[in-house]
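**Q** Top line first, the protein sequences correspond to chains A and B. For the first sequence, this note's numbering puts the final residue at 168, and the numbers step up evenly by one. For the second sequence, this note's numbering puts the final residue at 290, and the numbers step up evenly by one.
Calculated from the structure, these hints are not laboratory results. A few of these clues could be false.
[Unchecked claim] Below, computed lysine-lysine pairings styled on DSS-like, alpha-carbon distance capped at 27 Å: (1) B:LYS289 - B:LYS267; (2) A:LYS11 - B:LYS289; (3) B:LYS2 - A:LYS22; (4) B:LYS29 - A:LYS11; (5) B:LYS247 - B:LYS267; (6) A:LYS104 - A:LYS125; (7) A:LYS126 - A:LYS104; (8) B:LYS19 - B:LYS29; (9) A:LYS125 - A:LYS22; (10) B:LYS2 - B:LYS29; (11) B:LYS289 - B:LYS247; (12) B:LYS19 - A:LYS11.
[What the hints assert, rightly or not] Some chain B residues judged to face chain A by a derived CB distance under 7 Å, without partners named: (13) MET1; (14) TYR8; (15) GLY34; (16) GLN35; (17) ALA46; (18) ALA105; (19) ASN108; (20) ALA187; (21) PHE190; (22) THR241.
Each residue gets a CB set at the ideal place from its N, CA and C atoms; glycine is no exception.
Residue-level listing of the chains:
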Amino acid sequence: MDARGGSEAVKMDIGLTVNGRKYQASIEPRLLLSDFLRDTIGLTGTHVGCEHGVCGACTILVNGDSIRSCLTLAVRADGMDIVTVEGLGTPDHLNALQTEFREKHGLQCGFCTPGMLMTAMDLLKKYPLATDAKIREGLSGNLCRCTGYQNIVAAIRSAVSLRNGSAS
Amino acid sequence: MKPAAFDYIAPNSLEAAVKAIAAANGDGKILAGGQSLMPLLNFRLARPSVIVDLMHIPDMSFIERRGDTVAIGALTRHADLEFSDLIAQELPVMAAAMPHVAHLAIRNKGTIGGSLSHADPAAELPMLAVFYGATIKVQGTSGRRDIPAEDFFVSALTNCLDPDEIVFEIDFPVLTPHAGWAFEEVARRFGDFALASIAVSLEVLDSRIVDARVAVMGVADTPRRLRQAEDALRGEGEPKTAGEFGKIVRACVSPESDIHASAEYRKNLIGALAERAFTTAWTRAVGAKP
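Okay, chain B solo, but in the shape it has when bound (with noise of 0.2 Å):
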C-alpha cells in the first residue's frame, strides 16, 4: 500500500514537462492532481521509474471566456469549476454535473486535464467534453495539436495520446443561450462512479426542437453522443415526448454487464435518465411541461 521508488520530476515549464516523459521512455507517469494516479501507485498496479509532476508550471489552471468558447486550463481543479460564475453562466450543464464528481476532498485536488487523459468512461468531464464538442490542446515533442473530444477517447481508460504528449487546455464551446439542458445521473452512492448519466440539451422554437444535444455515459467502454437521438428530437412533425425520447436512447446504446449492474438494468436506467432530462431540458426550455 505504499508507492514503489521513482525517480520524482517537478518541472516548470510544459517544454520542459514535455522533455522529461519523452526521456522516461514509456516507463514515465504524469502527475497532476493524483486522485487517480495515487491509488494506483499504493497499490503498486502502477510503477512507473518516473513521475512527472505539472504542479509546478504556471498559469497552467484557469477559466476564461474566449469568444464563443470557454477556455479551461489543464490544471483547473474540480471544484475551481463547481464554484466558478463563469461555468455556472456559460456552461450549466457542466455547473450541474461537477457535484456529482466523487467528493469535495477530490474536487479538491482532481484536475479536469488528469480527469480526461484518465479517461474512465464513468467520470463526468469526459463525458461533459463530449457533449460540448470541447477541443482538448496537447504539446509533444514534435509541438501542439488540437484534438475533438470524440477522437481522443478511444476505450475504457485509453486516451488516443502518444507517450510524450500532455493535456495543457480544453476548450469548451458555449452552447445557445436560451436552450434548455439537463443532466442526471445514478450512481450507486452519491458521488460514486456513475451507473449512467445522461446531459441533454434543446432550443426549442414555438414548440418545436430546432437543435438538440445529448450525450451519455457508463453505458459504453467511452462516452458517446446520441446524433441518432439528436437527429430523431430534430425531426419534423409534433415533437417528441419523454416517453419517446426514453425509448430512442435505450435503441442507441448497449452496454455491459459488471459486478455493478446488469446490462439489462444500465439499458432501462438510461432510458428513466432520458425521460426525466428530457422533460427538465423541455421545461427550462418553453417554461412549461412538454
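If we strip away everything but chain A, and leave its shape as in the complex, we get (with noise of 0.2 Å):
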C-alpha cells in the first residue's frame, strides 16, 4: 500500500479549450497533460515516446507555443486554449504544412510525426530557417527512430519557401 494512497481520491476540476472545443474534466493533479489528451478526452493523435521530455513526440500547442505535454500537468492547462495535430487539417483537408510532409514523404512509420508537425508549426512561426542546417536545429528535440530526417527538413524547407512567398 501507497502511504500516499489517500491523495489519489483528491480530484480537481479543470476547463480548457481542445482545438477549439471546450472540455469540462475532473482529475487528479498527477495525471499528466498527454494522458489527458490521450486518455481522458479521446484525442490519440498526440503520441507518447519516452514521457521524460527526450522525444518529442507528445508536442503540442498550447496558448501558441509548443511544448511537451507529458511534462506538464494536466491541472496546469486550466483555462488554456490547446491545439494538438487533429486541430491541424483533416485527411480531407490538411494544413500546409501537413500538405508538405506528403508531398515530400516527410515521415516513414509516422510515430514521430505529430511531434514533427507541432513542432514545425512553431518554428515557422518564430524563426527565419533560412537554412537547412537551422531547421535541423529546430528539429532537434524531436527524435524519427526510422531516421527520416531528410525528407521532414525538405517538407519543412518548402513550407518555409510557401510562408516567405516564394514557393520554389
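Combine the two chains into a complex, taking the hints into account.
**A** See the structure below:
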C-alpha cells in the first residue's frame, strides 16, 4: 500500500479548449497533459514516446507555444487554449505544412510525425529557418527512430518557402 | 512512467508558497516550469508528498532595466529571454547562449528561477549567472536575502537554499557597454547539455585589455568564474594571444571523466573553445582580428 494512497481520491476540476472545443473534467493532479489528451478526452493523435521530454513525439501547442505534453501536469492547462495534431487539418483538408509533409514524403512509420508537425508549426512562426542547418537545429528535440530526417527537413524547407511567399 | 500521487497546492502569493513549502517539512517540491522536475516525477526518482506550483503567483515574470542591472523575474521563461530586445541589447552573452538551452518546446516552459534552483553543472543559465556576477534574490519564512551567484551553486544539482526558500528574482549587472564578448559551447547534439562551454568579455583600450571576465561550465561540478585567467589577460605587457589564453584556461580546470567525454577530451575542448571565444571577443572589442 502506498502511504499516500489517500491523495489519489483528491480530484480537481479543470476547463480548457482543445482544437476549438471546450472540455471540462475532474482529474487527479498527477495526471500528465499527454494522458489527459489521449485517455480522458480520446485524442490519440498526440503520441507518447519517452515520457520524459527527450523524444518530442508528444509536442502540442498551448496558447500558441509548442510544449511537451508529457512534461506538463493537466491541472496546469486549466483555462488554456490547446492545439493538437487533430487541430491542424483533416485527411480531406490537410493544412499547408501537412501537405508539404505528404508531398515530400516527410514520414516513414509516422510515430514521430505529430510531434514533428507541432514543433514545425512553432518554428515556422518564430524563426527565419534560412538554412537546412537551422531547420535541423530547430528539430533537434524531435527524434525519428526511422531516421527519416532528410524528407522531414525537405518538407519544412518547402513550408518555409510558402511562408516567405516564394514557393519553389 | 507516471508521477506518484501528491498533494497539489497552487498559491497566488509568494508568501503563501513559502508557507506551503515550509509546511511540507522537506517532503515538498517547488514546481516552476517543470522541465527538470517533471522527468524526475515521471520516473519516480522524486516522490514528493506535496507539489507547490508557482504558476498562479502574479508579477514573477518580467525583464526590466533598473539602473545598472537587468532584473529578471524567477518565472520568466527561457523563450522570453531568447526573444527579448532588452536582453539582446544589455546582456548579449545571455542572448547568444539562450538558443543553446535545450529545445524550443522546453524553452517555452522552462524558467530562469527553475534552472538556477536545479543547478545543473552543464546548464547555461547557472553559468551566465556566475559570468555576470548576478544576485539571486530569495524569500523564506524568515524573510528575504540576496545571494551572489558564485555562492549559490554548491555542487552538482545542489544549491545553497534552505528548504523553505524560493528564488523570486535575479539581478544581472550590465557589463561595460563597449566590451567585446563571446559565448562558445559544444554539445553532443544541438540543444543537449554542454560537454563544455565558455563565456568571455574583454574591454580593450589602445590594444590593451583593461578588464576581462571569464566563466566556464561542464568542466567542474558547478559553473566557475576563472579569476586567474581574467588576471592573466588583464596583466601588463603584450596582450595575450588566443593560443596563450587557451593554455591558461586549460591550466585552470580539472574536469572529471563521465560517459559522455573523458577528462582529457573536456580539457582539450575547453581550451579550443577558449581560443575561439578570445578571437571573437577581441574582434568585437577592437573591430579587427588579434
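**Q** State for each hint whether it applies.
**A** Hint by hint, here is what the structure shows:
1. B:LYS289 - B:LYS267: holds, 25 Å
2. A:LYS11 - B:LYS289: Given that 27 Å is the threshold and the Cα spacing comes to 63 Å, the pair is violated.
3. B:LYS2 - A:LYS22: Cα-Cα ~26 Å, so holds.
4. B:LYS29 - A:LYS11: Distance of about 19 Å is within 27 Å: holds.
5. B:LYS247 - B:LYS267: Given pair LYS247 (chain B), LYS267 (chain B) holds - Cα atoms ~10 Å apart, limit 27 Å.
6. A:LYS104 - A:LYS125: holds, 21 Å
7. A:LYS126 - A:LYS104: holds, 23 Å
8. B:LYS19 - B:LYS29: Within the cut-off at roughly 13 Å; holds.
9. A:LYS125 - A:LYS22: holds, 25 Å
10. B:LYS2 - B:LYS29: Holds - the C-alpha atoms of LYS29 (chain B) and LYS2 (chain B) are around 16 Å apart, at most 27 Å.
11. B:LYS289 - B:LYS247: With a Cα-Cα distance of about 19 Å, the restraint between LYS289 (chain B) and LYS247 (chain B) holds, given a limit of 27 Å.
12. B:LYS19 - A:LYS11: The hint holds at about 23 Å.
13. MET1: holds, 4 Å
14. TYR8: holds, 3 Å
15. GLY34: holds, 6 Å
16. GLN35: holds, 6 Å
17. ALA46: Not OK, violated: ALA46 (chain B) not within 7 Å of chain A, min 12 Å.
18. ALA105: holds, 4 Å
19. ASN108: holds, 4 Å
20. ALA187: Hint violated; ALA187 (chain B) Cβ to chain A Cβ min 9 Å, cut 7 Å.
21. PHE190: With a minimum Cβ separation of about 4 Å from chain A (threshold 7 Å), the hint on PHE190 (chain B) holds.
22. THR241: violated, 30 Å
Of the numbered hints stated above, those contradicted by the structure are hints 2, 17, 20, 22, listed in ascending order.
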